[in-house]
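**Student:** So the protein sequences, as listed, match chains A and B. Quick note on this note's numbering: the first sequence kicks off at 1 and runs consecutively. Quick note on this note's numbering: the second sequence kicks off at 1 and runs consecutively.
Honestly, I wouldn't trust all of these hints.
Unchecked claim - Which stretches of chain A does chain B cover? Using the computed rule of at least three CB atoms under 8 Å from a CB of chain B, they are:
id : stretch
1  : 76-84
2  : 152-160
3  : 229-242
What the hints assert, rightly or not - Just a few of them, taken from the derived set where beta-carbon distance is under 7 Å, the chain B residues facing chain A:
id : residue
4  : 48
5  : 51
6  : 70
7  : 74
8  : 90
9  : 109
10 : 111
11 : 114
12 : 116
13 : 193
14 : 197
15 : 198
As the list claims (entries may be wrong) - Calculated from the model, a selection of chain A residues having no Cβ within reach of chain B, i.e. all distances over 12 Å:
id : residue
16 : 136
17 : 140
18 : 258
Keep in mind the hints are simulated off the structure, nothing from the lab. All C-beta atoms in this analysis are idealised placements derived from N, C-alpha and C, irrespective of residue type, glycine included.
Number of protein chains: 2
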Amino acid sequence: MNPINVIKVGGGVVEDAAALSRLLSDFAVLPGAKVLVHGGGRSATRMAERLGVETRMVGGRRITDAAMLDIVTMVYGGLVNKQVVAGLQQQGLNAVGLTGADMNIIRSHRRPLRDGIDYGWVGDVDHVDNNALRRLIDDGFVPVIAPLTHDGQGHILNTNADTIASEVACALARDCDVTLTFCFEKRGVLRDADDESSAISVIDASAFQRLQAEGIVSGGMIPKLENAFAALRRGVREVVITRADHLDGEGGTRIVASV
Amino acid sequence: MNPINVIKVGGGVVEDAAALSRLLSDFAVLPGAKVLVHGGGRSATRMAERLGVETRMVGGRRITDAAMLDIVTMVYGGLVNKQVVAGLQQQGLNAVGLTGADMNIIRSHRRPLRDGIDYGWVGDVDHVDNNALRRLIDDGFVPVIAPLTHDGQGHILNTNADTIASEVACALARDCDVTLTFCFEKRGVLRDADDESSAISVIDASAFQRLQAEGIVSGGMIPKLENAFAALRRGVREVVITRADHLDGEGGTRIVASV
């Protein structure tokens, strides 16, 4: 099966000129087929502030009313996506920026009320068109995906970038050998939160149980790893958690079904 | 040769919900292969106002400093483009939103000083990749192009939407039978500026001379028609000037090399 790297980078990286520049050169030299999924939440929050639109978050998720939907559509689909695409073109990669609406690659439905919370124009993914993505990749293009989807009824919906990355990776895993890499601010899953060199190199399902029992993995890292194992169950070969300046995963944490 | 319709719609249409909705349904039922090029200047100006960024125009062209470039990248590439794409998906058209950076379809260079005027991050088109566009069209996709290009050096550049439409039409005309339609606020080239039913149905080169001599065609319509004839010389079969609510060109003005 064809190997494909799906890389998710958060807003913190794409919004900082120096970090973005480094990311683009590192991404460009990664061998083989690849897809980049980006966030942009901090830029959206900053733009909302400038426009006098209140940012409301519940459990780390953005409440997306009509004004906020316009902002994320502009910032994720326009500003961030096009800067990344132009930057990759400069690196000689034939990037194509996409939201879920483009080529109908990611369909979603508006999230119903959850625990009485109306998230607004937020989309939960129904379907990723892996054939359309595969055709682009096979033709030598590098998809750069913004965290926006659509409902087929004319509405753009705001969708979490980690979710997009997972869904895209799982869809591509139907007929490709997919490595899914999440870049975050630490080198990986650390044994000692204060020591960047303490990243655990490999975690499988039984190690995950043990690390939780020992209290080494806790808090926000638990759902992150649960999502990683869910992706593995859906066919992704390996999930890597690393820092954006170590895109190749070197020194990061590999999550695998079993060692 | 394959017929292709290249349609340019201005900001006034894509920025008005009712006009946009009508445009999308009319565009969806146009037979055959098609490309939509959109503007968005009024939205950009409004967004600039909200952000406290001054809009400066010289001869109808926007001076694009770094702050304005971010705004047009957001508004054209994000907000307007994605709303159009999602709306066309709703109509059952498999639209894909593109700037010139995406798939490297439109390369440009930053405009040098002209008469001492620095237009800023404005791009003059060097090359349109008609093969990439053709491949998308042949695969059943409908390109929706925002008025942004790139220089291959990592910079997005602001490029006039009429120019994009002409350049795309001329590039496709290398191996397709292209009709280029400009939608504007009037039904066509009017004999009587106050009478929308007075559109001249066909204008060829000799009629254009005559109409200028008679003073029927004057002012801003002259460069518009000169651009139309330039497109014809570069292989476009027909240029149509019509109103957005008459996308099929019915009742509008057809510009042809000779009758």
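**Student:** The structure should be examined with respect to each hint, and the outcome stated for every one.
**Tutor:** Hints versus structure:
no.: 1; hint: 76-84; verdict: holds (count 7)
no.: 2; hint: 152-160; verdict: holds (count 5)
no.: 3; hint: 229-242; verdict: violated (count 0)
no.: 4; hint: 48; verdict: violated (12 Å)
no.: 5; hint: 51; verdict: holds (6 Å)
no.: 6; hint: 70; verdict: holds (6 Å)
no.: 7; hint: 74; verdict: holds (4 Å)
no.: 8; hint: 90; verdict: holds (4 Å)
no.: 9; hint: 109; verdict: violated (14 Å)
no.: 10; hint: 111; verdict: violated (17 Å)
no.: 11; hint: 114; verdict: violated (24 Å)
no.: 12; hint: 116; verdict: violated (28 Å)
no.: 13; hint: 193; verdict: violated (36 Å)
no.: 14; hint: 197; verdict: violated (33 Å)
no.: 15; hint: 198; verdict: violated (36 Å)
no.: 16; hint: 136; verdict: violated (9 Å)
no.: 17; hint: 140; verdict: violated (10 Å)
no.: 18; hint: 258; verdict: holds (40 Å)
When the structure is compared with the earlier hints, violations turn up for hints 3, 4, 9, 10, 11, 12, 13, 14, 15, 16, 17 and for no others.
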